[in-house]
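The listed protein sequences derive, respectively, from chains Z and R.
In terms of the working numbering, the first sequence opens at residue 1 and continues consecutively.
In terms of the working numbering, the second sequence opens at residue 1 and continues consecutively.
Hint data in this document are derived by calculation from the structure and do not stem from the laboratory.
Glycine is no exception: its CB is placed at the ideal position from the N, C-alpha and C atoms.
Careful, some of the hints might be misleading.
What the hints assert, rightly or not - Derived DSSO-like pairs (lysine-lysine); straight-line CA-CA distance at most 30 angstroms:
#, chain 1, residue 1, chain 2, residue 2
1, R, LYS42, Z, LYS42
2, Z, LYS255, Z, LYS186
3, R, LYS237, R, LYS301
4, R, LYS255, R, LYS237
5, Z, LYS237, Z, LYS301
6, Z, LYS42, Z, LYS301
7, R, LYS42, R, LYS122
8, R, LYS42, Z, LYS301
9, R, LYS301, Z, LYS42
What the hints assert, rightly or not - So, partial list: chain R residues that the calculated Cβ filter (under 10 angstroms) puts toward chain Z:
#, residue
10, THR37
11, VAL44
12, SER48
13, GLU71
14, GLU83
15, ASN84
16, PRO311
17, PRO326
18, GLY338
19, SER340
20, TYR343
21, HIS346
22, ARG349
23, CYS350
24, GLU352
There are 2 protein chains.
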Amino acid sequence: MLQFERLATDPASHARRGRLTLRHGVVQTPIFMPVGTYGTVKGVLPQSLQQMGAEIILGNTFHLWLRPGLEVVQTFGGLHRFENWHAPILTDSGGFQVWSLGAMRKISEQGVQFASPVNGDKLFLSPEVSMQIQTVLDSDIAMQFDECTPYWQGEGATQGGSGHVTSEAEARASMALSLRWARRSKAEFERLQNPNALFGIVQGGMFEHLRLESLQALVELDLPGYAIGGVSVGEPKELMRQIMAHTPHRLPAHKPRYLMGVGTPEDLVQGVADGVDMFDCVMPTRNARNGTLFTRYGDLKIRNARHRHDPQPIDPSCSCSACAGPDGLSWEQGGRGGFSRAYLHHLERCGEMLAPMLASIHNLHYYLNLMREVRAALEGGVFAAWRLRFAADRSRGV
Amino acid sequence: MLQFERLATDPASHARRGRLTLRHGVVQTPIFMPVGTYGTVKGVLPQSLQQMGAEIILGNTFHLWLRPGLEVVQTFGGLHRFENWHAPILTDSGGFQVWSLGAMRKISEQGVQFASPVNGDKLFLSPEVSMQIQTVLDSDIAMQFDECTPYWQGEGATQGGSGHVTSEAEARASMALSLRWARRSKAEFERLQNPNALFGIVQGGMFEHLRLESLQALVELDLPGYAIGGVSVGEPKELMRQIMAHTPHRLPAHKPRYLMGVGTPEDLVQGVADGVDMFDCVMPTRNARNGTLFTRYGDLKIRNARHRHDPQPIDPSCSCSACAGPDGLSWEQGGRGGFSRAYLHHLERCGEMLAPMLASIHNLHYYLNLMREVRAALEGGVFAAWRLRFAADRSRGV
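Kindly produce the complete structure, drawing on both the sequences and the hints.
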């Protein structure tokens, strides 16, 4: 099941404020979805996710298929009870992950043959298998099985080597394969009587006319929601922004739109303006583990020696439990219940687990709160003004 | 400041139920104190520590002196505000840590010369320096600077090699040095007008008459509390138990008694019966990170394949947030809000941070709850019966 209501739209952009009702709960859009690859958002307790207002999280079909394996998840009647997260979950199809295996996999019309990176077992993933796995996972939103068209073809990936930028012919063939897989995904999803919602994925590489072809064919399938895939795969930022400007707003207005694997705070805000409702990215948690923290006034490297004595929290305007403590009163509001930059700097230097724990809480809260501010601005009809302030604040420097 | 009241005593053992009032709060004894070496109990949010009922935690003088360094802690007016823990803190003296450096340090009457394991700087630790550091840390309980008499002397430590078991003459010389350092610690602590409480440490190796000499001389110093040091340093368990049976109950009855660095749940219960009020040990957090979990019915290795499908929490009788979820209703009470063994097994196999996070919460809660049960049994006058049940439960197997 899936219901999507548009609550407000921005006259000056494609931005929309919406409400998405899924089998395990309601999601306010635009929304950021924390990534929980193996059934856990890295370094964060489910309770903390709830506290910071996460309404939907991701799981990775490919990873969960390999570990813990379907028969374990089946014992728990799906992913929700297994990982103790009782709000909505979206799962990807595994397509992006098998694509990432590079030389270790072989793609045919039927599907993808590959060796398990865990134990070397020969495995086969196809639209049908992906739907079967996602049905066992019982995610609120399942994604069609697709081929992620790479930006760079052949050896060396984007690092150079003997490859080349994907040609139009290659992108077309890949996009057409993804479309055939979309139809097979839909047929299998229906055959399995999966009660959740299946999203299609627009491909087409960096070619706008291919994106349009993909989109139009997917719209004919009348799926409950659509994603834009194959961006943020190594292409220059301008190309990504070009596809973002082209595709999302052309998708059906009354259905939710999901931009996969994007991006920085600036990318998200641009994505909203381009008409996107849903985002996911590993950046907040991955950067947290590397000591890069997002703040209203720009990004902050906590390892930097200038934080050694600093009594301020990561972001003085932030109300997360790392910056503001349990009562949520930010430093700017006079709250002194949070952890200082000096303390986080110390934890990071000592390799203490509490450093990534607090940093992950903060970065995820930053992303979730950014979307909260976006939603409030859309509701108040002040999105354009809010964007200017956001850009000015972020470039001020921390 | 320090106040200690005995609320109940056990007629059949040396066990006492007490209340310890320190500068930053009240501590119910017998108590277990989680270890926060670098100003963080590894893998646990201070908020979680509060939720599980921790009333006092440890910090390590040696480690905190090296990182973040005193001038940083001074900026925060002490350790409490720096690490965001506003209840009592006990700090050790650094003696045990410099002793652990082995060949890298040189002990003289004046103190210990050693090279910093962080950056190689030449450093000097003495009773006076230790008191100066602990005064800056502003811990509620400071420990005298002592020499931890090893069980094994010379190369190879307890692993054999060319060394030997500490002789009586060696133990006597070491104990006498610790006594002279106790007097210097007290003098410096008073000169600094440290408003907290200084504990003396009984040494004497595995020799009861040396322990008695040490104890009597320390009692003459009239310190507000006493610890038993130099146990759990590689000696056979029987020798440790022999010292536990000998020393604690001979210490002044109206002052708190602290057994340093001990031990297993069974050791703690025995320690209470021997008259000990305070315990610390890295075992709950270290074992958590290795996947060894304490339960009412024995210890559990979460990596074991038999947990792969198990829907039960770590300990069905446990009310910690890992076993019982946020509402604290245990599995046995019908609560189903906790995390399963199958999920923890999966997290552990995937190397996910959430595994040690949940395991640390559980293990610390187990230790803190064990002491809660001990206190209730002492209050109810049923400690002897409780011990029998504890031993039977623990040996039942999980």
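Quiz item: Can the hint on ARG349/R be confirmed by a CB-to-CB distance to chain Z that is less than 10 angstroms?
Solution: Nearest chain Z Cβ about 6 angstroms off; hint holds.
Quiz item: Is the Cα-Cα distance between LYS42/R and LYS122/R 30 angstroms or less?
Solution: OK: LYS42/R and LYS122/R at ~28 angstroms, within 30 angstroms.
Self-check item: Satisfaction of the GLU83/R interface hint, Cβ to chain Z closer than 10 angstroms
Solution: Hint holds; GLU83/R Cβ to chain Z Cβ min 6 angstroms, cut 10 angstroms.
Self-check item: Cut-off 10 angstroms, beta-carbon criterion: hint that HIS346/R touches chain Z
Solution: Holds, about 4 angstroms.
Quiz item: Is LYS255/R close enough to LYS237/R, meaning Cα to Cα at most 30 angstroms?
Solution: 27 angstroms, holds
Exercise. Given the hint that LYS42/Z pairs with LYS301/Z, test it: the Cα-Cα distance must not exceed 30 angstroms.
Key: Answer holds: LYS42/Z to LYS301/Z is near 20 angstroms, not above 30 angstroms.
Exercise. Closer than 10 angstroms between Cβ atoms is the bar; does ASN84/R clear it against chain Z? Give me holds or violated.
Key: 6 angstroms, holds
Quiz item: Are PRO326/R and chain Z close enough, Cβ to Cβ, to be under 10 angstroms, as the hint says?
Solution: 6 angstroms, holds
Quiz item: Given PRO311/R as an interface hint, is the shortest Cβ-Cβ distance to chain Z below 10 angstroms?
Solution: PRO311/R check passes; min Cβ-Cβ to chain Z is 7 angstroms, inside 10 angstroms.
Practice problem: Could you check if THR37/R really has its C-beta closer than 10 angstroms to a C-beta on chain Z? | Solution: 9 angstroms, holds
Self-check item: Interface hint for VAL44/R, Cβ within 10 angstroms of any Cβ on chain Z
Solution: For VAL44/R, the interface hint holds, since the closest Cβ of chain Z sits about 8 angstroms away, which is under 10 angstroms.
Exercise. May I ask you to test the interface hint for SER340/R with respect to chain Z, counting a Cβ-Cβ separation under 10 angstroms as satisfied?
Key: Holds. Min distance 7 angstroms.
Checked against the numbered hints above, the structure violates none of them.
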